[in-house]
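*Asks:* Let chain A serve as the given structure and place chain B on it in line with the hints.
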Amino acid sequence: MKKMKRYLLTSFLIIFITSISYAQQETTEYTKMTFYANRIINGHSVDLTPHGKLDFKIGHRMGRVDQLDNFFGIDQATSRIALEYGATEWCNIGVGRNTTEKLVDGFIKIKFLKQSKGKRRMPITVTGLSAMGLNTLPDPSVNTLINDYYFTNRITYAHQILIARRFGDLLSLQLSPTLIHRNLVQTKDDINDVFALGVGGRLKLSHKIDLTSEWYYVFPNQVYSQYNGTDVVNSFSLGIDIYTGKHTFQLHITNSTTMAEKGFITETTERWDKGQIHIGFNLLRFFTIANY
Amino acid sequence: MNRKLLYFIFIGFIFFITTFSACYYDVSDELYPNDAVAGCDTANVTYDAQIKTLLNSKCTSCHYTGGPDSPSLDNLTSAHEYAISTNGHLLFDEITNPNKTIPEHANLPAITDDCQKAQMKKWLETGAN
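Chains as they are written, first to last, in numbering that gives the first Met the number 0: chain A, 0 to 291; chain B, 0 to 128.
Excised from the complex, chain B in its bound form:
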């Protein structure tokens, strides 16, 4: 087998590996769905207006200042610190995913309302302030 043929085989191998092993047919609108929910106000989301009530209903029975579990989520400062420390991923998952341990631990169902989810998402997305 001559050298040129070996080169061809090697380059062809690299070509197939790089081209077809990572070939996806993803659609952004489906994979990363839009936050918009009909009739839901996500334009003016603040901690005091929406988020405080939401955290109080799901988290602060245990996660309060001086309470059994950390972090405390009963005030804006500590809720903000926790949210940004995980880029919002963890708080959002814990509060919306029924399989996560924390809502189950407290025997509280995860948020199922799309509007509440969208508002939480928006709050986290805009800096959790």
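Chain A on its own, in the form it takes in the complex:
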């Protein structure tokens, strides 16, 4: 009898545990907040502005920290003001305006795959980004007094496939294969279609603070033109994200001052090894437009 009881109890436990694990397989748990914000630092992250929310974003990059007469660069600044909207759960649209080149940019960002576990298992999140920039200043090398400066020469495009994985609470990593198309390049040696690879990450430091980093590698033999008399180098940035509930505050140091993709990926000229870095921040604030 005692043996029978033990047998029944064991059988019940096996059935119970099995049913629980089976129930767990019935649901899918999607990973949320791979990064604190929809930007890692300069570049986009896989995350989207939530559906029905309007994200008001201000980006600021100071002058160079090695310029003591400009109070470590704080006297100078470039900025970007942007509005980004969560049109659906999987699609964002946005517009922005940069002081550099008085560039106006717009983008569509679509989440194709969501990292998940449970019934539907997906190891990564994949988001596509297609952005367009319109330079409202003419190319300074073009004599506009004589030449008609074609409208199409003001346009650049950026296309990215953002692939990221969140490894528990501690770490997220992202790869960002990128294509920048420039309608106008300076010389015949320059390539209109520039391929680059971005690598970014987030390391959790505390409940509300993350350490972030981002590096964009431009594949060689594509960009030959100099900007401001200096060769183009890769963009590298290091920062911290502070999440305050309604705001996300991103504070960072970077060698890029432009916040549009074509700027920081193909036109960065300043070097970390020479101390030519900038303090910058992004401030994000969500407004609820519609509740879903």
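Hints are supplied without guarantee of correctness; some may be wrong.
[Unchecked claim] Below 30 Å or equal to it, Euclidean Cα-Cα: the simulated DSS-like pairs (lysine-lysine) are:
(1) Lys110/A <-> Lys203/A
(2) Lys116/A <-> Lys203/A
(3) Lys116/A <-> Lys52/A
(4) Lys31/A <-> Lys3/B
(5) Lys113/A <-> Lys3/B
(6) Lys110/A <-> Lys31/A
(7) Lys116/A <-> Lys207/A
(8) Lys116/B <-> Lys187/A
(9) Lys207/A <-> Lys113/A
(10) Lys3/B <-> Lys110/A
(11) Lys31/A <-> Lys207/A
(12) Lys3/B <-> Lys116/A
(13) Lys118/A <-> Lys3/B
(14) Lys52/A <-> Lys207/A
(15) Lys52/A <-> Lys203/A
(16) Lys245/A <-> Lys207/A
(17) Lys101/A <-> Lys187/A
(18) Lys31/A <-> Lys116/A
(19) Lys113/A <-> Lys31/A
(20) Lys3/B <-> Lys52/A
(21) Lys203/A <-> Lys245/A
[Stated by the list, open to error] Taking beta-carbon pairs under 7 Å as the criterion, some of the chain B residues facing chain A (in silico):
(22) Ala21
(23) Tyr23
(24) Tyr24
(25) Asp25
(26) Val26
(27) Ser27
(28) Asp28
Derived by calculation from the structure, the hints in this document are not laboratory data. Every residue, glycine too, gets a C-beta built ideally from N, C-alpha and C.
*Replies:* For chain B alone, coordinates are given in the frame of chain A:
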């Protein structure tokens, strides 16, 4: 067809329209060629030194003060006013483009010398003074 698929089709359509319809492969050095001409002094271009002679050879037989055609181009003031009123485009085209009506009208060939073209361009570019 569900709503999500319609969204995808719409956004894909917008994406293709905006991305590929305005995609160009232009090179600034070719599309907007540099003014530099070998052996040509474009550093010190003035109305009195180069431009006056040039306008006299092509324009002022008709475009003189009190003459049959306006504007008058036989003095710096009126030549400057005309040049800046069209941002230099019109004067440069008329004097260098053989298909333009004014040189043909006067039966005078357009400027073909690259140095003269570059000097005219430079004068217009620097404010036509």
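*Asks:* Each hint: holds or not?
*Replies:* Hint by hint, here is what the structure shows:
no., hint, in the structure
1, Lys110/A <-> Lys203/A, "24 Å, holds"
2, Lys116/A <-> Lys203/A, "21 Å, holds"
3, Lys116/A <-> Lys52/A, "26 Å, holds"
4, Lys31/A <-> Lys3/B, "21 Å, holds"
5, Lys113/A <-> Lys3/B, "16 Å, holds"
6, Lys110/A <-> Lys31/A, "13 Å, holds"
7, Lys116/A <-> Lys207/A, "25 Å, holds"
8, Lys116/B <-> Lys187/A, "24 Å, holds"
9, Lys207/A <-> Lys113/A, "23 Å, holds"
10, Lys3/B <-> Lys110/A, "13 Å, holds"
11, Lys31/A <-> Lys207/A, "15 Å, holds"
12, Lys3/B <-> Lys116/A, "23 Å, holds"
13, Lys118/A <-> Lys3/B, "22 Å, holds"
14, Lys52/A <-> Lys207/A, "21 Å, holds"
15, Lys52/A <-> Lys203/A, "25 Å, holds"
16, Lys245/A <-> Lys207/A, "12 Å, holds"
17, Lys101/A <-> Lys187/A, "26 Å, holds"
18, Lys31/A <-> Lys116/A, "12 Å, holds"
19, Lys113/A <-> Lys31/A, "9 Å, holds"
20, Lys3/B <-> Lys52/A, "19 Å, holds"
21, Lys203/A <-> Lys245/A, "19 Å, holds"
22, Ala21, "5 Å, holds"
23, Tyr23, "4 Å, holds"
24, Tyr24, "5 Å, holds"
25, Asp25, "5 Å, holds"
26, Val26, "5 Å, holds"
27, Ser27, "5 Å, holds"
28, Asp28, "5 Å, holds"
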